[in-house]
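Q: So the chains spell out like this:
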Amino acid sequence: MTVAIDTLVTPDLVILDLEAPDRRAAIEAIADRLSAAGRLTDRDGFVDAVWAREQETGGTGMESGIAIPHAKHAGVTEPSVVVARVPGGVDFGAEDAPADLVFLIAAPAGADDVHVTVLSKLARRLVHQSFRTALREAPTAEAVVSILKEQIQ
Amino acid sequence: MKLVAVTACPTGIAHSAMAAEALEVAAREAGHEIEVEIQGAAGGPGISAATIAAADAVIFAVDAGVRERSRFDGLPSVEVRTRRAIDRPAEVIAEVEAAAAEAPSRTAARPSPMAAAAPAGTSPGEQFRIWLMTGVSYMLPFVVAGGILIALGFSIGGATRVTEVEDWPALSSVFDSRVQLGALLFKIGAIAFSMLVPILAGFIAFGMVDRPGIAPGVVAGLIANELGAGFLGGLAGGLLAGAVVMLLMRINVGGALSKMMPVLVYPIVGTLVTGAVLVLLIGNPIADVQSGLTDWLTDLQGTNAVLLGLLIGSMMAFDMGGPVNKAAYAFGLASLDSGNFAVMAAVMIAGMTPPLGLALATAVRPRLFTDAERESGKAAWPLGLSFITEGAIPFAAGDPLRVIPALIAGSATAAAISMAVDAQLRAPHGGIFVLGLIDGKIGYLLAGILGTAVTAAVVVGLKSVHRDQAHADAGAAPREAVTV
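Those sequence lines, one after another, are chains X and R.
Just add 110 to the spot in the first sequence (first one is 1) and you have the working numbering.
Just add 4 to the spot in the second sequence (first one is 1) and you have the working numbering.
None of these hints come from the bench; they were simulated from the model.
Some hints here could point you the wrong way.
[What the hints assert, rightly or not] Cβ-to-Cβ under 8 Å is the rule here; a few derived chain X residues that face chain R:
| # | residue |
| --- | --- |
| 1 | Glu173 |
| 2 | His180 |
| 3 | Ile215 |
| 4 | Val237 |
Where is the CB? At the ideal position from N, CA and C, for every residue including glycine.
Build the full structure now, drawing on both the sequences and the hints.
A: Here it is as structure tokens:
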């Protein structure tokens, strides 16, 4: 019944080294990756939606250095997660803690429960230090995906 | 310590799940038990009323309104944003420990009536049904009180005469005059009846958003009455009121302002927006639909009374006191108001045969029923005779695919016969107790007896066929019907 995590995030949706001067630039770069993968038809509209959610929540960054910008948008063709590592860090609204691990969650306007279930499992794993460390240290995009697959059944 | 927590965020995907995980981990590390309810898209089952009653304190880690918050009334609580629960879960746990220690020994948390009925995370269709049933269930005592008092008033003072009494009867006159005594009962009953739509609308909204929904919902129901939008208007008005308050609850305001929301903003803005939308936009179209429906059914009565009987009989039995049943009942009331007494007679007999037929079936074929059903069968006699269709629910809940068709067959039969013999009833309720008020008693009794017999026969027949599979195929049957 559930959807495997590796349909949501594929190696081409993993960015190992993202350089972004600010939050907006990071979101734009990640959205570009989604467009290139054919999972997003309205790049600008989607960026605006993610941005609006950032403003609403005061930023989706956590003290642990992760950020989970997210939006539901009609331009998203299939539920997707982009994993971006930002070695230089980028501000996502958490005090004194730039985010170096960004999970962008893109859901189509009518995302169904099975996808939501997988996404919330991912969110739950992110609370655990060991999981974050493994993702930060994974050598390749494929390794990132296989860690996710291992940890999120 | 036993803790409960609710986490919620606007999309209900990420932050609520992370906060739940962080709180679970931190609570266990601190040696506490915890159960977390995630509200929103990723919600699992809600926390049971029993767990809440046993809990020592509650944590709200929320960026959005808490659904059915009153379940937790009386528990020491701590409220934080999800981010704080994610970043500093241990601090939040320490705060809730302090809150629990400070709180005076509390009285047992009062389980809300909704706690069992509407667990978070049910499907949208199921959720919708629960909302409507909440409204209908709170409306039912008004139906019974109003209906029976009006019926009694009619039997004591005469239907025509009591309705002609204009002023409230005085103490001195009620003991002298049967008409005045009847009028007293009638007028009290009529006041109860005038609340049907407001209570329906108010408690649909209550089912959706808890207490803040009641004021906008009740006002929506009063407006629906005023506009002539009736039962349909009440359904729509209640849903509208709930939706408006739901939106207001999503507005995040910080600090002191957040305390003003339930006291000032939900009642004022909720009522204003709901009322304005109802009056200016949707009220009159709904009133047109409602009167169109009534006109259509009334026309049908002229041209094909038996067909009308079959239709309203089926509606009365379909959900045994639910929204469809009440829609048919509302049509009966509207017909009474316009001086047409045949429809009410058919509605009442169709609402009586479901419990009666099942009671009869348990008496003649007890082996086909469980012990609990046989007990329900005994209670179903007086319920059916009193026109409380809900007496059939215990049977239908266990085996809907066999029971509901049987109920529909019997009720349709009863209502069609009642229409065919043109039985007339001037009271809106009362069952066997208003038999004296009915014109065409013999035909009416016949309708009731045959309807009861049909229900009993069909349910016995259906339960006897494939009896071995009685439980196994209850879920598979609809699929077969589609593929064959």
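Q: Against chain R, with CB atoms and a cut of 8 Å, does the hint on X:Ile215 hold up?
A: The hint holds - X:Ile215 has a Cβ within 8 Å of chain R, the shortest such distance being about 6 Å.
Q: Given X:Val237 was flagged as interface, is its beta-carbon under 8 Å from a beta-carbon of chain R?
A: 4 Å, holds
Q: Is the shortest C-beta separation between X:His180 and chain R less than 8 Å?
A: 6 Å, holds
Q: Holds or violated: the hint that X:Glu173 contacts chain R, with Cβ atoms closer than 8 Å.
A: 4 Å, holds
In this structure, every one of the numbered hints holds.
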